[in-house]
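Turn these sequences into a full structure, and let the hints guide you.
Number of protein chains: 2
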Amino acid sequence: MTQGDAPAIDQSLQTVGTPCLVLDQDRMQRNVMRLRDRLDRLGVQLRPHLKTAKSVDAARQVMTSPSGPATVSTLKEAERFASAGVTDLIYAVGISPDKIERVLALRAAGIDLAITLDTVEQARMVAHASRAAGDAIPALIEIDCDGHRSGVLPDDRLHLVAIAEALGNGASLRGVLTHAGDSYNAIGDDALRACAEVERVSVVQAATILREAGFACPVVSVGSTPTAHFAEKLDGVTEMRAGVFVFFDLVMAGIGVCAIDDIAVSVLATVIGHQPDKGWILVDAGWMAMSRDRGTAKQAIDQGYGLVCDVDGRPLEDLILSDANQEHGIITVRRGSTAALPDLPIGTRLRILPNHACATGAQHDSYHVVRSGSDRIDAIWPRFSGW
Amino acid sequence: MTQGDAPAIDQSLQTVGTPCLVLDQDRMQRNVMRLRDRLDRLGVQLRPHLKTAKSVDAARQVMTSPSGPATVSTLKEAERFASAGVTDLIYAVGISPDKIERVLALRAAGIDLAITLDTVEQARMVAHASRAAGDAIPALIEIDCDGHRSGVLPDDRLHLVAIAEALGNGASLRGVLTHAGDSYNAIGDDALRACAEVERVSVVQAATILREAGFACPVVSVGSTPTAHFAEKLDGVTEMRAGVFVFFDLVMAGIGVCAIDDIAVSVLATVIGHQPDKGWILVDAGWMAMSRDRGTAKQAIDQGYGLVCDVDGRPLEDLILSDANQEHGIITVRRGSTAALPDLPIGTRLRILPNHACATGAQHDSYHVVRSGSDRIDAIWPRFSGW
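If you read the sequences in order, they're chains G and X.
Basically this note's numbering = 1-based index in the first sequence + 189.
Basically this note's numbering = 1-based index in the second sequence + 189.
Among these hints, one or two may not hold up.
Note: identical chains are not told apart, hence a pair may lie in one copy or across any two.
[What the hints assert, rightly or not] Here are the simulated EDC-like pairs of lysine to aspartate or glutamate, each with C-alpha atoms no more than 20 Å apart in a straight line:
| id | residue 1 | residue 2 |
| --- | --- | --- |
| 1 | K467 | D344 |
| 2 | K265 | D554 |
| 3 | K487 | D512 |
| 4 | K467 | D335 |
| 5 | K467 | D507 |
| 6 | K467 | E506 |
| 7 | K265 | E290 |
| 8 | K422 | D379 |
| 9 | K265 | D301 |
| 10 | K422 | D229 |
| 11 | K467 | D371 |
FYI, nobody ran anything at the bench for these hints, they're computed from the structure.
Since we're looking at a predicted model, the values are computed, not measured.
Okay, structure coming up:
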């Protein structure tokens with residue numbers, strides 16, 4: 190389907206129902222090759238985070254093999270990707286007791302699913318469940334590298350060793366994992382490189398503490414799209430998790446990780462009205478189609494709910510989706526710009542680049558796959574949601 | 190199912206997978222009765238907006254009859270509710286040419302579906318399509334009562350008459366419709382009453398202009414949840430559209446339209462970690478479960494991503510979901526509060542009230558229906574999404 194040799198779907202970006210989600214597969218493939226090449230040079234395995242795409246078809250384009258490795262943010266993702274042949278998975282959100290049964294069921298089906306935790310309480314629960322099931326669940330200890338979310342501090346020897354010991358009583362320690370969440374607030378190459386080095390040093394320190402205490406710690410996992418693209422060395426790291434790089438978005442462009450024309454997903458919309466006195470063009474893509482994500486609001490360039498392009502994906506000068514109701518989007522010229530509001534008759538098709546690909550994707554049940562510069566829909570890739 | 194006499198689902202709020210969406214049907218029924226009683230006294234028909242619930246089961250609780258009337262924001266809603274027996278519908282988003290075929294198909298199936306528009310360009314297009322199909326599509330002219338979105342100004346006689354004339358050439362003028370979007374920014378009873386009166390006067394003025402010009406204008410439609418609850422008179426108005434009133438949410442509580450304990454939907458979450466040094470409790474409900482809506486950010490009380498309650502739905506003192514990643518929620522005590530962070534072990538179940546019921550609902554594929562104060566799940570009501 191993705192090579193253009195399958196039967197064409199009899200729809201184009203001019204005829205398909207709007208709003209809908211469009212995926213430029215040329216841009217996606219370019220994004221994937223860029224990161225793969227980079228990680229090959231750094232000698233680290235890519236374990237893509239599939240929470241962005243939530244699509245078996247897209248996952249196959251981004252994983253280095255049909256069986257993985259990959260990262261997931263929900264057990265539903267684990268179950269769906271496992272059904273599609275992915276066997277090497279990390280569930281990268283802290284485990285709770287109610288989720289163990291689904292973890293064990295996937296493992297019993299032959300999936301090497303590892304879980305994540307950061308407390309002795311969780312380690313004891315996982316060890317207990319492992320013993321009861323006769324299956325040593327592999328666990329990664331989450332490390333807090335930048336105060337952003339969950340995790341053990343990288344130099345908290347007491348806590349690290351206590352978790353490893355609790356796991357040892359039935360479960361197994363697979364390694365350590367961190368996420369440089371703060372890199373999303375960094376701007377500029379130097380700041381991004383610094384985030385990447387903080388991320389690396391943190392997990393390597395934690396792994397060293399565990400090894401010195403006598404615990405094998407085979408996996409040392411880092412990951413965020415900004416640090417994946419700015420790390421200068423990854424010594425001591427075994428794998429890189431990254432998700433949004435496959436599509437990129439305006440937030441990533443705003444912090445300098447990609448260019449606007451690397452952004453592979455957009456929302457196709459139709460003009461439904463005008464308020465000429467106010468300089469508004471109304472479209473049928475509101476926040477339901479774009480998501481409520483306003484991730485660029487705090488950046489140097491606030492893109493509103495999205496950057497407006499023509500149907501071929503070329504940005505229209507300083508035109509943004511500046512406000513949104515549930516099913517109405519309001520397009521205006523960006524504040525401070527002298528660009529003229531273009532004449533876009535009712536029925537005109539536009540493509541709107543999103544602030545945050547993960548959030549916008551979640552509002553849609555499929556990708557309409559096109560080549561760069563073509564309005565022919567070559568394939569429709571289903572995506573899923575829920576838990 | 191909703192009366193508690195159907196076979197119980199063998200799940201409770203303590204055992205069901207999280208995150209998930211919970212609906213307290215006692216609160217919902219109370220909210221519905223409150224508005225019905227109000228509109229009965231004001232002598233105006235309720236045409237509920239089904240874009241909030243997007244569920245056939247919920248729609249049946251809120252409509253005054255199984256066949257409607259009702260309002261929809263997408264043609265998918267129109268199609269789904271039509272399949273479930275709703276025959277009297279308004280599609281309240283401006284029409285574009287690509288959507289006419291689906292409108293005509295529903296009308297050919299016997300559904301009295303009216304559309305909305307605010308330009309001569311649309312009116313000509315609808316008249317042309319009506320002639321071609323031999324079906325006079327009924328259209329409402331949208332009126333802009335408060336500069337908030339789309340619509341013709343209420344005193345713009347030239348424009349109103351031109352649209353009516355263009356429609357007359359094959360389609361039919363059903364009436365006028367407005368939405369006091371600005372009421373979401375009003376605070377306090379006086380401001381809300383003023384919004385309601387502006388909304389009323391605007392459509393009545395437009396209807397009067399059209400009637401004086403010789404056009405019948407049978408429907409005079411207003412609607413927003415705040416104005417529906419604060420209008421003191423609705424003379425000249427024939428129907429009230431409102432959506433979020435069925436569930437209410439923190440934004441509505443913040444502007445004084447409901448109390449916190451009127452809010453009928455919440456997200457059930459499980460504690461997955463702690464960062465005691467930071468005063469954080471982590472749960473498995475991030476923005477994917479809550480939506481990215483931060484509608485209370487501009488209100489007097491910023492509720493973060495939601496207000497945290499115990500599993501029975503009772504608010505915990507000053508506890509909010511202050512930040513969110515995709516699948517991680519961070520619970521803290523509200524800034525400035527002296528309340529203590531409660532001791533909530535891993536595995537604890539919580540319910541989180543949303544900023545915006547429409548946005549949070551859209552992140553979920555079903556409602557888990559409970560009675561107030563009970564943790565037994567009496568029914569699961571599917572909800573749909575997409576266009």
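Going down the list of hints, with the structure as the test:
1. K467 to D344: Cα proximity of K467 and D344: across copies only (17 Å, versus 57 Å in one copy).
2. K265 to D554: Both: 15 Å inside a copy, 13 Å across copies.
3. K487 to D512: both (16 Å within a copy, 15 Å between copies)
4. K467 to D335: between (44 Å within a copy, 13 Å between copies)
5. K467 to D507: within (16 Å within a copy, 41 Å between copies)
6. K467 to E506: For K467 and E506, only the intra-copy Cα distance (18 Å) is at most 20 Å; the inter-copy one is 44 Å.
7. K265 to E290: For K265 and E290, only the intra-copy Cα distance (13 Å) is at most 20 Å; the inter-copy one is 37 Å.
8. K422 to D379: within (14 Å within a copy, 62 Å between copies)
9. K265 to D301: within (15 Å within a copy, 40 Å between copies)
10. K422 to D229: Within one copy only: 12 Å inside, 71 Å across.
11. K467 to D371: Result: close only across copies, 16 Å inter versus 38 Å intra.
Comparing the model with each numbered hint stated earlier shows that all of them hold.
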